[in-house]
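Enquirer: Here are the chains, one letter per residue:
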Amino acid sequence: MNINMEAFDQFREGVSRLPEMIPPAPEMADDERVRRFKKTIIESVAPHQAMDLETCVHCGACAEACHYYVATQDAKYTPIRKLDMLRRVYRRELGPNRWLHKLLTRDITAEELEEWQELVYDSCTECGRCSLICPMGIHIQDMIIMSREALASAGLAVAEQRALAQEQGEKDTMFGMGKDMFMQGVERLRQSGLEVPVDQPDSEILVVSTVMDAALFNDAMEGTVKIMNSLGRPWTMSTCGFEGANFGYMAGYYEYRKDATMRVISAAIDLGVKTVIAPECGHAYPALRWDGAAVYGKPFPFEVLAISEFIGREMKAGNLKVKPAFSGQKVTYHDPCKLGRMGGVFDEPREALKALGVDLVEMDVNRQQSYCCGGGAGNFIINRAAPLRAKVWELKRGQFDQTGADTVVTSCDSCRINFMVGAQDTHWEKPIESLAALVGANLAE
Amino acid sequence: MSLLDFARGPALQWSLIIFVFGVVWRIVGAALLMRTRDFSKARVSSGDRVKGGVRTILTRSVPPETFEKRIRFQFITGSLWHIGYFAVVLLFVPHILFFESFLGFGWPGLPNPVILVIGAITLATLVALLVRRMIHPVLKIISTADDYISWVVATLPLITGFLAMAHLGLRYETMLAIHILSFELLLIWFPFGKLMHLFFVFPSRYNVGAIFARRGVRV
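First to last, the protein sequences are chains A and B. All residue numbers for the first sequence refer to this note's numbering, where the first residue is 273 and numbers rise by one. All residue numbers for the second sequence refer to this note's numbering, where the first residue is 42 and numbers rise by one.
Worth double-checking, as some hints may not be accurate.
What the hints assert, rightly or not - Derived pair list, reagent style SDA-like, types lysine to any residue, alpha-carbon separation capped at 20 angstroms:
hint : chain 1 : residue 1 : chain 2 : residue 2
1    : B       : LYS110    : A       : GLN345
2    : B       : LYS110    : A       : ASP636
3    : A       : LYS530    : B       : ASP79
4    : A       : LYS374    : B       : THR185
5    : B       : LYS82     : A       : GLN345
6    : B       : LYS82     : A       : LYS702
7    : A       : LYS348    : B       : SER81
8    : A       : LYS663    : B       : LYS82
9    : A       : LYS702    : A       : ILE275
10   : A       : LYS546    : B       : ARG111
11   : A       : LYS593    : A       : GLY504
12   : B       : LYS82     : A       : PHE574
13   : A       : LYS530    : A       : CYS512
These are computed hints drawn from the structure, not numbers from a lab. All of these numbers come straight from a predicted model, not from anything done at the bench.
Let's have the full structure, built from the sequences with the hints guiding it.
Expert: Put into structure tokens, the structure is as follows:
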């Protein structure tokens with residue numbers, strides 16, 4: 273792993289000290305919290321979600337798909353239960369039998385909303401695995417996103433995510449890092465002799481990055497730049513649209529989410545690019561690829577690809593060639609939920625690994641059924657959820673060990689952070705690599 | 042009017058009216074909520090999204106192998122009692138005669154002893170599932186009154202049917218009337234509780250299949 277472990281330790285330290293720096297939660301009367309939560313749900317439920325909410329038979333199968341339940345065997349993590357607040361509002365205020373439910377069931381309370389914060393933020397990573405098991409076909413993942421929006425509107429977003437969303441929305445920085453840190457990352461690469469186009473007009477491709485890569489995962493940023501330069505096509509990064517991470521999206525603040533998404537969209541439109549590439553930042557991809565156009569209000573005039581998807585596509589087209597530098601090495605690939613199950617990117621990263629000559633050993637559960645890293649959807653910055661993540665790390669470590677692989681490769685910063693934290697805390701020594709870094713470092717001459 | 046006449050006459054009419062009106066009301070009510078358009082570029086054509094949705098309607102009846110190991114008991118018992126229940130409702134000769142009396146046509150049924158065995162297995166499975174619901178930590182925490190009401194309402198026709206068929210308990214005509222009334226109770230409760238999944242399961246499965254297919258993922 274070609275990253276600065278000192279920076280990694282600093283990052284961990286920074287996350288652990290986040291609570292000290294977070295401004296207090298917005299004060300609100302209890303009935304106002306309940307009112308706002310309900311309003312958001314009532315305005316958001318779509319018909320396909322109504323069908324889902326009507327059809328649950330309380331069979332509990334979804335628990336068996338959830339990494340938090342599987343790792344802890346604690347029934348409170350049953351996925352459908354995480355939607356209880358949303359479901360009760362739906363039944364009492366929105367569903368066709370609301371008149372009956374109003375008569376027979378209790379209304380939600382602010383105390384219950386506070387209790388559900390842990391279930392909606394700490395113990396759901398919006399990984400979508402429960403959608404694969406439900407015999408009724410209920411898609412829980414997008415209703416968790418809605419529940420987060422409703423909780424955020426009620427002033428009950430989890431503290432760390434609220435702070436980060438607010439910081440990104442208002443200052444365009446994360447952990448105090450913004451454009452300056454991005455440019456420092458760019459300068460460092462330029463000093464090492466690489467050409468890094470920034471705000472280059474007449475570019476075909478816009479590469480979005482994240483300050484996480486500039487500050488911590490330099491290897492992924494460097495790999496991406498090398499890959500782009502090797503293609504010989506006009507590409508650029510942008511000082512306006514450099515940040516792919518979107519804490520407003522994860523925390524449930526629509527306005528902040530919109531600001532962050534629009535910064536990238538505006539940069540892409542101003543530069544007139546045909547393609548936008550999302551960095552190795554799991555949720556940056558769905559925030560732009562699948563949910564970005566809803567924010568924009570119409571179809572994008574450009575295509576959006578994840579970097580791993582782009583790499584695989586260019587390799588397949590014969591435009592990108594690598595040395596078989598890892599010939600015979602046993603490697604396993606972890607599918608990040610937001611790219612794989614929720615994104616459809618499975619084959620491209622595997623193509624790239626095979627081109628690098630690796631002996632790819634799949635985990636017992638992989639591709640669309642892959643277990644989440646345990647820290648997606650912004651969970652990795654929630655301090656009180658650390659013990660829960662540690663349990664999921666045990667699950668993932670067991671899977672990694674079972675493959676007998678020497679190296680774990682993934683294509684998502686969040687997954688990588690979670691695995692590195694788990695590995696560091698349990699003295700697990702195997703490297704956890706970035707796909708873009710490996711490809712970039714082993715390009716054929 | 043005897044209890045049996047009441048059960049076969051006005052009670053049947055009214056329960057059917059409530060059933061049909063309630064089911065339509067609930068489906069239309071859920072379907073008419075506002076919808077937002079998805080402007081993101083799909084990986085596949087709209088035809089393939091439809092295929093993905095239809096595929097999930099069919100495939101979701103059997104869980105993928107990875108999950109099958111974890112939910113084997115639920116899957117087997119769940120399938121067993123649904124199949125058994127429909128077999129008893131639709132293939133018991135007196136039921137067919139009952140349907141024929143207002144549909145105008147019938148179909149071949151199963152011999153009574155076979156129905157008896159199927160009914161017994163179905164009832165035993167329902168009891169096992171009820172016990173499981175009461176003791177399994179996950180089911181305990183997510184169960185509501187609807188789960189228990191729906192269980193009672195679905196199981197009563199089975200029990201009263203057994204009693205009527207075996208000429209046990211009350212006088213046969215009274216038992217038969219109670220059996221028919223218990224079925225009518227099922228019809229009346231149907232639009233209000235989770236039994237509605239009989240209809241909602243199709244759009245729900247279709248949607249999850251189509252949503253994932255849109256992203257190029259087969260679920």
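Enquirer: Work down the list of hints and note, for each, if the structure agrees.
Expert: Taking the hints in turn, this is what the structure says about them:
no. : hint                : in the structure
1   : LYS110/B / GLN345/A : holds (16 angstroms)
2   : LYS110/B / ASP636/A : holds (13 angstroms)
3   : LYS530/A / ASP79/B  : holds (16 angstroms)
4   : LYS374/A / THR185/B : holds (15 angstroms)
5   : LYS82/B / GLN345/A  : violated (39 angstroms)
6   : LYS82/B / LYS702/A  : violated (38 angstroms)
7   : LYS348/A / SER81/B  : violated (34 angstroms)
8   : LYS663/A / LYS82/B  : violated (37 angstroms)
9   : LYS702/A / ILE275/A : holds (14 angstroms)
10  : LYS546/A / ARG111/B : violated (45 angstroms)
11  : LYS593/A / GLY504/A : holds (13 angstroms)
12  : LYS82/B / PHE574/A  : holds (10 angstroms)
13  : LYS530/A / CYS512/A : holds (14 angstroms)
Checked against the numbered hints above, the structure violates hints 5, 6, 7, 8, 10; every other hint is satisfied.
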